[in-house]
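Build out the structure end to end from the sequences listed, making use of the hints.
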Amino acid sequence: MAKGESPLKQFEIQPIIDINLFGLDVSFTNSALWMTITTAFILIFFTVPFLKSKKTNSVSDLYPSRMQVAAELGFSFINSLLNDTVGKEGKKYFSLVFTLFMFILFGNLFGMIPYSFTFTSHIIVTLALAMGVFIFVTVLGFVKHGVKFFSFFVIPGLPIYMLPLLIPIEIISYLSRPISLSVRLFANMLAGHTLLKVFAGFVSALGIFGILPLVFIIALTGLEILIAFLQAYVFAILTCLYINDALHLH
Amino acid sequence: MPQLEQVEFFISQLFWLGVFFVILFSVLTYITLPKIRAFLNQRDDFVKSHISKQDELMKKAESIIENYEAKLTEAKNKASQIINDAKDEALHESEKLLKATEEKIQQEIKLTETRVQKEKEDALSELNTQLKNSATDFISKVTNIEKGNINL
Chain A
1 MAKGESPLKQ FEIQPIIDIN LFGLDVSFTN SALWMTITTA FILIFFTVPF LKSKKTNSVS
61 DLYPSRMQVA AELGFSFINS LLNDTVGKEG KKYFSLVFTL FMFILFGNLF GMIPYSFTFT
121 SHIIVTLALA MGVFIFVTVL GFVKHGVKFF SFFVIPGLPI YMLPLLIPIE IISYLSRPIS
181 LSVRLFANML AGHTLLKVFA GFVSALGIFG ILPLVFIIAL TGLEILIAFL QAYVFAILTC
241 LYINDALHLH
Chain B
1001 MPQLEQVEFF ISQLFWLGVF FVILFSVLTY ITLPKIRAFL NQRDDFVKSH ISKQDELMKK
1061 AESIIENYEA KLTEAKNKAS QIINDAKDEA LHESEKLLKA TEEKIQQEIK LTETRVQKEK
1121 EDALSELNTQ LKNSATDFIS KVTNIEKGNI NL
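The listed protein sequences correspond, in order, to chains A and B. Numbered by our numbering, the letters in the first sequence go through residues 1 to 250 in order. Numbered by our numbering, the letters in the second sequence go through residues 1001 to 1152 in order.
Check before you lean on any hint, since a few could be wrong.
One-sided excerpt, in silico: chain B residues whose CB lies under 7 Å from chain A [to be verified]:
| # | residue |
| --- | --- |
| 1 | Gln1013 |
| 2 | Lys1035 |
| 3 | Ile1064 |
| 4 | Tyr1068 |
Covered stretches of chain B, as calculated for chain A (at least 3 residues, CB under 8 Å) [stated by the list, open to error]:
| # | stretch |
| --- | --- |
| 5 | 1023–1033 |
| 6 | 1040–1053 |
Hints in this document: simulated from the structure, not taken from any laboratory. Just so you know, even glycine gets a beta-carbon here, dropped at the ideal spot from N, CA and C.
Structure below.
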C-alpha cells in the first residue's frame, strides 16, 4: 500500500469489461470476477470428484477419494445444520441453504487472498442475498399457512392488552431481519479487511519496529479466516431458522 | 466508503450476483447435489445390506452354538451313563469273583482241615502201634514170652 492510500481503497470497484444492457450499466467488474471464481471453484470442488461414478457396484467404488471426502464434509455439514434447525421438512430447502453457505463462505475465503476482492464486503451484495432470503421465507410462510401467517406476530399466551404494544414490535423485528442479516456479514468483512489494511500500513511506517504489527497481522489473518467461516455459518443458520419459523410459525 | 459511494455499480453488482447465484443454484440443485446424494445413498445401502447380512450370520452362528451345546450335553449324559454302567458291571463282577474266591478258600480250608485231622489220626495210630511194638518188644525181652503171644 502506498503511503496515504485509504485503507478503504481495497473495496473500490473497478470495471474490467464495460457492458451496457438495455441502457443499464452491467459492466463486468472485479466484484463480478471474484463471483465467477467463487462459483467456478464451488462447482468444480463439489462436482468433479463425483463425475466418474459409474455404477459398477464394486466395494472399492464405495471408498471415497480424498476430494470426495472433502466435498462430502460440506454436504453433511449443511445436512446436519438443516436437520437440527428445521427437521425432516428441511430437506426441500437443502440446495438453497447449501448454495448460500458455499457462495458466502468461498466469497469470504477468497477475499482473504492478497490483492483479491471480497464481494461480500459490499452492502448491496449482502443486502440482496438477505432480501432474497427474506422474501423467500415470507412467501413460503404465506404459501404454507395463508392468512394464518399473520398469527406469527402474535406471541401465544400473552394477555390481550399487551398485544397492541407487542405486535408492532414483532413486526418491526421481523422486517429488520434482512437488514441485520446483511449488515452483520457486510460489517464483519468491512471491519476485518480495513483493520488488516490499517495494520499493514503500520508495518511500512514503523520501519524495524514494523515486525510488531506484522506479527499482529499474521494472528489477525487467522482470526479473519475464522470469521469468514463463522459469518457464512451464521448466515446459513439464520436462513434455516427463518425457514423453520415460516414452516412452523410458533 | 466505496460501498456507498460507487452507486453507479449497484446495478452491475446485483446483475452479476443474480447471474452467478442462479447458475450456482441450478447446477448444484440439478447436477452436483443429486450426484453426491446418489453416492452417499449407494454407500449407505451397501453398509445397511452388510449389517443385515451380519445379523443373519450372527443368528446362524447362535443357532449352531445352541445345537452344539445340546449335542455336547447329550454326549456328556451318554458318557456318564456308560461310566455308571461300567462301574456297576465291574462292581458286580468283582463281587462275584470275591464270592467265588471265598468259597474256594473255604473249601480249601475244609479240605486242609480234614487232611490235617486225618494226618493227626494217622500219626496217632502210628504212634500207638509203634508204642505197642516197643511195649511188646520190651515185655518179650523182660518176660521171654514170644512176641506173638503178647496181646496188648
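Practice problem: If any of the earlier hints don't hold here, list their numbers in rising order. | Solution: 3 and 4
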